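Q: Listed below are the residues making up each chain.
2 protein chains.
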Amino acid sequence: MKLTIDAKSPLPVYQQVIQAIKLEILSGGLRDNDPLPSIRDLAKLLRINPNTVAKAYYALEAEGFCEGRSGSGSRVKVPPGRQDGLRQAMLEGEFKGFLEKAATLGFSLDDVTHLMERTRK
Amino acid sequence: MKLTIDAKSPLPVYQQVIQAIKLEILSGGLRDNDPLPSIRDLAKLLRINPNTVAKAYYALEAEGFCEGRSGSGSRVKVPPGRQDGLRQAMLEGEFKGFLEKAATLGFSLDDVTHLMERTRK
DNA sequence: AATAGTGTAATATATTTATAATACAATGAA
DNA sequence: TTCATTGTATTATAAATATATTACACTATT
Numbered sequence: 709m710k711l712t713i714d715a716k717s718p719l720p721v722y723q724q725v726i727q728a729i730k731l732e733i734l735s736g737g738l739r740d741n742d743p744l745p746s747i748r749d750l751a752k753l754l755r756i757n758p759n760t761v762a763k764a765y766y767a768l769e770a771e772g773f774c775e776g777r778s779g780s781g782s783r784v785k786v787p788p789g790r791q792d793g794l795r796q797a798m799l800e801g802e803f804k805g806f807l808e809k810a811a812t813l814g815f816s817l818d819d820v821t822h823l824m825e826r827t828r829k
Numbered sequence: 709m710k711l712t713i714d715a716k717s718p719l720p721v722y723q724q725v726i727q728a729i730k731l732e733i734l735s736g737g738l739r740d741n742d743p744l745p746s747i748r749d750l751a752k753l754l755r756i757n758p759n760t761v762a763k764a765y766y767a768l769e770a771e772g773f774c775e776g777r778s779g780s781g782s783r784v785k786v787p788p789g790r791q792d793g794l795r796q797a798m799l800e801g802e803f804k805g806f807l808e809k810a811a812t813l814g815f816s817l818d819d820v821t822h823l824m825e826r827t828r829k
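Line by line, the protein sequences are chains A and B. Quick note on the working numbering: the first sequence kicks off at 709 and runs consecutively. Quick note on the working numbering: the second sequence kicks off at 709 and runs consecutively.
Calculated directly from the structure, the hints in this document are not laboratory data. The structure presented is a predicted model; accordingly, all values stated were derived computationally and were not measured. Any given hint could turn out to be false.
Straight-line distance between alpha carbons at most 30 Å, and here's what the computed DSSO-like set of lysine-lysine pairs gives [to be verified]:
1) A/K829 with B/K809
2) B/K829 with A/K804
3) B/K730 with B/K785
From just these sequences and the hints, can you work out the full model?
A: As structure tokens, then:
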């Protein structure tokens, strides 16, 4: 499971953890009922405080993406049928956001297309 | 000058102000020596505290994007020759970020291309 | 000169974010 | 049962973020 924390990011650390795990779930890298790393393990891995990880897990749980049990651990909770729809929606949302930013910068859809073509070479 | 604040965004308000003004400068909507809105005016417009706007302006000044004078106001400070290069770099940076996220989600460059083609119709 | 508006600065308060250090009940395996 | 690990919870402290309020020197205009 790929996950890195950017201390210089304007995004709060626990938000970065939330986003990274969400991405991993939507990508299918983490499936329904898969175990998440323990709070203490992930904190040690990322070199951040366990409380910060717990806060992220708590938020993910509030959104229905996982569930934690005291003696056991935390497990991914996603209706398997929904995963791919969420994945597609996430892609389109990110793409829309990018296009809006490009438009704000004064770039046309053609400009973006050309950038894409250049990238493919 | 288009500028809105999303209170629900995980990004701090003053960071949102910084990003929005940077975008406006790089797009060419704000050119070298153009006046920025006064701190109090922008605060009233965005319904946030003047101190928060001042913090954003201070950060922009530290990055060399503007300059403030006491009795006068704040003005954009960008070497005119650099603007378009920065604009292009911003576009490519955003695109790269989007592609990375798409890759993490398990989408190929072909998938993104198809999404683009679908968008153009 | 007077005045309104400017950036800048300082103080105070509250909330959010992050860390540190414990504690405890629940779980699962030895 | 014993024991290590788990999520959860609490308390404390610090830093960052945001607001509120006030003050001051500077600028441009009247």
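Q: Please list, smallest to largest, the hint numbers that this structure does not respect.
A: Violated: none.
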